[in-house]
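Put together the whole structure using the sequences plus the hints.
Note that the protein sequences, when read in sequence, are chains R and U.
Per my numbering, the very first residue in the first sequence carries number 1; after that it's consecutive.
Per my numbering, the very first residue in the second sequence carries number 1; after that it's consecutive.
For the record, the hints were derived by calculation from the structure and aren't laboratory data.
Misleading hints may appear alongside valid ones.
[Said to hold, decoys possible] Think about it this way: if two alpha-carbon atoms lie no more than 25 Å apart in a straight line, the pair counts; the simulated DSS-like pairs of lysine-lysine are: (1) R:Lys203 - R:Lys342; (2) R:Lys289 - U:Lys200; (3) U:Lys96 - R:Lys128; (4) R:Lys207 - U:Lys235; (5) U:Lys61 - R:Lys289; (6) R:Lys71 - U:Lys235; (7) R:Lys203 - R:Lys71; (8) U:Lys127 - R:Lys223; (9) R:Lys196 - U:Lys200; (10) R:Lys289 - R:Lys196; (11) R:Lys101 - U:Lys127.
For reference, the chains in residue letters:
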Amino acid sequence: MAYLLSPAGNPDCLVAGVQNGADEIYLGLTSFSARAGADNFSLENLGEWVRYAHLRGVRIHVALNTLLKDKELASAVEMAREADRLGVDAFILQDIGLAEKLAGVVGAKLHASTQMTVMNLQGLKMAKALGFSRAVLARELSLSEIEELAGAGIMETEVFCHGALCMSYSGQCMLSFFTAGRSGNRGTCSQPCRLKYSYNNDKNSEKHLLSPADLCTLPYLEKLTATGVTSLKIEGRLKSPEYVAATTRAYRKALDDPKADVSQDIKNLTVIFSRGGFCSGHQLGKLPKKDITLSYAGKTGLPCGEIRGKITQFRKNNTDLFTANVSLSEPLSTGDGISFSKGPEFGGIVNIIENKGKRTKYAAPGSTVRLTVSGTAPKASGNEPLLICKTVDIMYTKELQKSFATGSELRKVPVTARLSASGGLVTLTYSDGIDCAGSSVPFVQGAGAPEAALKEIISATGGTPFEVKSVEISGDCGFITFSSLKKLRREAVSALTAIREGRRPL
Amino acid sequence: MISAFVFSPAELSDEIIQSADLVHVSCIPYLLGEPLPDRKSSGNNAGSKLLLSFPFISKGKAYRAFCERFGEFSKHFDGFTLQNIGDYETLCELMKAANISRSDIFAAGDVSLNITNASTAEFWCGKLDSAAILPELDIPEHRALIDRFPEGLIPEVALGARKIVMRSEHCFAAEGNTYKCGKCGRTGLSGGSLFDISGKEFPVVTNPLDCNSILLCPAPSGDSGAAAFDYSSKKAFFRVV
Numbered sequence: 001m002a003y004l005l006s007p008a009g010n011p012d013c014l015v016a017g018v019q020n021g022a023d024e025i026y027l028g029l030t031s032f033s034a035r036a037g038a039d040n041f042s043l044e045n046l047g048e049w050v051r052y053a054h055l056r057g058v059r060i061h062v063a064l065n066t067l068l069k070d071k072e073l074a075s076a077v078e079m080a081r082e083a084d085r086l087g088v089d090a091f092i093l094q095d096i097g098l099a100e101k102l103a104g105v106v107g108a109k110l111h112a113s114t115q116m117t118v119m120n121l122q123g124l125k126m127a128k129a130l131g132f133s134r135a136v137l138a139r140e141l142s143l144s145e146i147e148e149l150a151g152a153g154i155m156e157t158e159v160f161c162h163g164a165l166c167m168s169y170s171g172q173c174m175l176s177f178f179t180a181g182r183s184g185n186r187g188t189c190s191q192p193c194r195l196k197y198s199y200n201n202d203k204n205s206e207k208h209l210l211s212p213a214d215l216c217t218l219p220y221l222e223k224l225t226a227t228g229v230t231s232l233k234i235e236g237r238l239k240s241p242e243y244v245a246a247t248t249r250a251y252r253k254a255l256d257d258p259k260a261d262v263s264q265d266i267k268n269l270t271v272i273f274s275r276g277g278f279c280s281g282h283q284l285g286k287l288p289k290k291d292i293t294l295s296y297a298g299k300t301g302l303p304c305g306e307i308r309g310k311i312t313q314f315r316k317n318n319t320d321l322f323t324a325n326v327s328l329s330e331p332l333s334t335g336d337g338i339s340f341s342k343g344p345e346f347g348g349i350v351n352i353i354e355n356k357g358k359r360t361k362y363a364a365p366g367s368t369v370r371l372t373v374s375g376t377a378p379k380a381s382g383n384e385p386l387l388i389c390k391t392v393d394i395m396y397t398k399e400l401q402k403s404f405a406t407g408s409e410l411r412k413v414p415v416t417a418r419l420s421a422s423g424g425l426v427t428l429t430y431s432d433g434i435d436c437a438g439s440s441v442p443f444v445q446g447a448g449a450p451e452a453a454l455k456e457i458i459s460a461t462g463g464t465p466f467e468v469k470s471v472e473i474s475g476d477c478g479f480i481t482f483s484s485l486k487k488l489r490r491e492a493v494s495a496l497t498a499i500r501e502g503r504r505p506l
Numbered sequence: 001m002i003s004a005f006v007f008s009p010a011e012l013s014d015e016i017i018q019s020a021d022l023v024h025v026s027c028i029p030y031l032l033g034e035p036l037p038d039r040k041s042s043g044n045n046a047g048s049k050l051l052l053s054f055p056f057i058s059k060g061k062a063y064r065a066f067c068e069r070f071g072e073f074s075k076h077f078d079g080f081t082l083q084n085i086g087d088y089e090t091l092c093e094l095m096k097a098a099n100i101s102r103s104d105i106f107a108a109g110d111v112s113l114n115i116t117n118a119s120t121a122e123f124w125c126g127k128l129d130s131a132a133i134l135p136e137l138d139i140p141e142h143r144a145l146i147d148r149f150p151e152g153l154i155p156e157v158a159l160g161a162r163k164i165v166m167r168s169e170h171c172f173a174a175e176g177n178t179y180k181c182g183k184c185g186r187t188g189l190s191g192g193s194l195f196d197i198s199g200k201e202f203p204v205v206t207n208p209l210d211c212n213s214i215l216l217c218p219a220p221s222g223d224s225g226a227a228a229f230d231y232s233s234k235k236a237f238f239r240v241v
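The structure is reproduced here in C-alpha cells:
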C-alpha cells in the first residue's frame, strides 16, 4: 500500500496529519523552504516534533527545497546536519549542489523535490546518481507515465494526490520572479497564476487563464495506487490544520478501504478548500480547459442551495446582514459559512435559519428555508438562478479540531504485552516488535490476583498512543500488588516510548 | 562571447549566425518538418556553434521524435542544449546508440538546469561544455558565480535575453476543451500572447506535437543591466537574444 504523506506548515498541522492517519509528514524549517510563507518549524522545536511523530510511527521529511546561492550553501548544510542529528527521516531537495554536499553525509534519505522536474526514466537515473532514493515526480504525468517510472525499480516514487496545481512545471517557473520579484524557486512565489490574463489582448477573454482547479484523486485512487507509486502526497503547507485533518482522514480511509464510498469525503474536502470543484490534473489525460477556474481563483466551496426570490441587504448594530429564501441541496447549520457561485467574494456566516417560520439550528437538504446571514450579497443579475456555496461546515470543522486541538490520541500504536516470572522476578514487557521492559519486581509467593484484573491494568495505557492488543501471562507470577504492576507498566511504557522516539520508523 | 536562443529557423538570421559564438535553436520546428540547416557549424567562419535544443518538456511526442532523429540532427548541428536534468542521461544514451563520442559534440545546459551556485556548476562540469546561470541571480551574484565556475565549464549569462518564464503542459493558445484546435500553425512564435491586467505581453510559443506551450517574459527585457558585463570576455557566453 502506498504511504500517505501530509503537509505541515505548523505544529497543529503536524498533529492533524499524524492523528488522522499520515504515514509521513513533510515540513519546512525557518530557511530554505519552498513555502517561506508558512509558519514552519525551528531547529529548537523540530526535535520535539520528530519524537512526537516517531513515537507514533510517522516519518518526518524536511523540505530544504529552494535553489541556493553560494553564500547560503554552508548554512543550509549545517541546518541539514542539525536536523539529521534530530532524527528526521528525509530531506526534500531541489538544489543539486546541496544534494552533492549531503549525499552520504547525513543519515536521512534524500528525496528529489518535484522542483527538480523529474518526468522520465533518465531523470530518475540522474537523481539516483546524485544520491536520491526517492523522486517526487512532476505533476504533469499521466497514470501510465507514473506507472512506467514507478515500475522501473530505479528508486521510490512519490506523486501528488491532492491539492493545488501549478500551471507551470514546478521548478521551471520564473513568472513570479519576473513579475513580482519573488522567486518561486526560492520559496516566495507570489502566485501570479491566480491573477487575470487575456489572450491576444482581447479584454473579453480577461479571466483567470492560468488558474487550474485543485487536484483530487479520491474518485480514482485505486488506479493511482495501482501504478506502484511509493507515496501519495497531499499539497498544502500553507493550509489550515483543519484542511490537513480533513484531507489526511479522507485519503487514509480510501487507502485502507478502496471500496469505501468517498462521495461525502469529496463533499467535505470541497468545503474545506476547492476552486470551483476538483480535477484530476493530468493523471487521467491532459487537463481539460474546463478545469481552469476562469471566473475566480480563490476558494469557492460546495454548491449547497439556490436563492429563491429577493435578497434583502440591511445593517443592524453596525453589521452587514442579508436575508433570503434558499432551497437547499445540502445540509446547512447556523455558524456555517456561505458564498455565492457568481461572486465568491460575497457571502458570510449563517446566523439564523427559519424553517416554516420556526428557528432551527440545522436544515436538511430538500428544505426551503429563510436565512439571515452576516455578510454581503451580490446584486441580483436578472433572472439567472443564484447559487450559494458552503465554505465552512461548522460541525465538521469542530469535529476535525478535536483531532489536533484536544490532545486526544486517535492514532493508536498496537503493542503486545507479556507478564512473566523468571528467576524470582516478575517482569512486564511491551512489544511493538522490539521488547521493552522496565525494572522487575521480586516474585512473592501467594495467591495471585485474578488474571482478568492483571490484564486490565496491563492494558490501561490511556493517555499514551499505545493500544494493547493482547496480554500474555506466563509462569506463576504469584502475588503482585496492583501498585507494583502499575509501576512496571509506567516503566515499560516509558522505555518503549523512549525507544520509538529515538528510532527512525521503517 | 555572444550567444543567442532562437525559437524558429526564421529567427536564425545571418546576423545572428555571424555575430554569435553560440546559437541555441528550438527543435520543435524541425520536428514539425522545417528543413535542417545544410551544414554543421553553418556559416561558421568565426567558429560559432549551432546547437539544437532538447524539447522544453522532456516527455511526449516531441521528446520521442527528438530521440528518434538524434542521429540525423547530430549531422546538422554542432551540439545540443539540455533543458532538463534527465536530458544528460538521454544524451549519453543517444550518443552511444549513434556511435558518437562526447568530444564530437558541444553540450550546453540551459537556464532550466537551475544553476545558482558553484557546487551545482561543479556537478555539471565534465558533463557539459557550457551551462547557463539562472537569470534570477542579480549582476553581482552573476559576477561572483562566473568567477567560481569550474575550469572546463563555460558559464552563460542570460540576463539580457528573452527568458522562458513558464513551461506548461497546457497550451495557452488552444481554443475549446480538446487541445486539438490546430490554430497554432507549424512553427515557434505563432502562439499569440497573454497579457496581464497591466498590459504586459507574454509571448506564447507552442508545441503542436504535444499541445503544450511555453511563456516568454514580457518583451525582451532590455539588457537588464547585462551591459555591465564585458561581452568580449572569453570567460562566459552572454546571451543577447
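Worksheet item: Which of the numbered hints are not met once you compare them with the structure shown?
Response: Result: hints 4, 7, 8 break, sorted rising.
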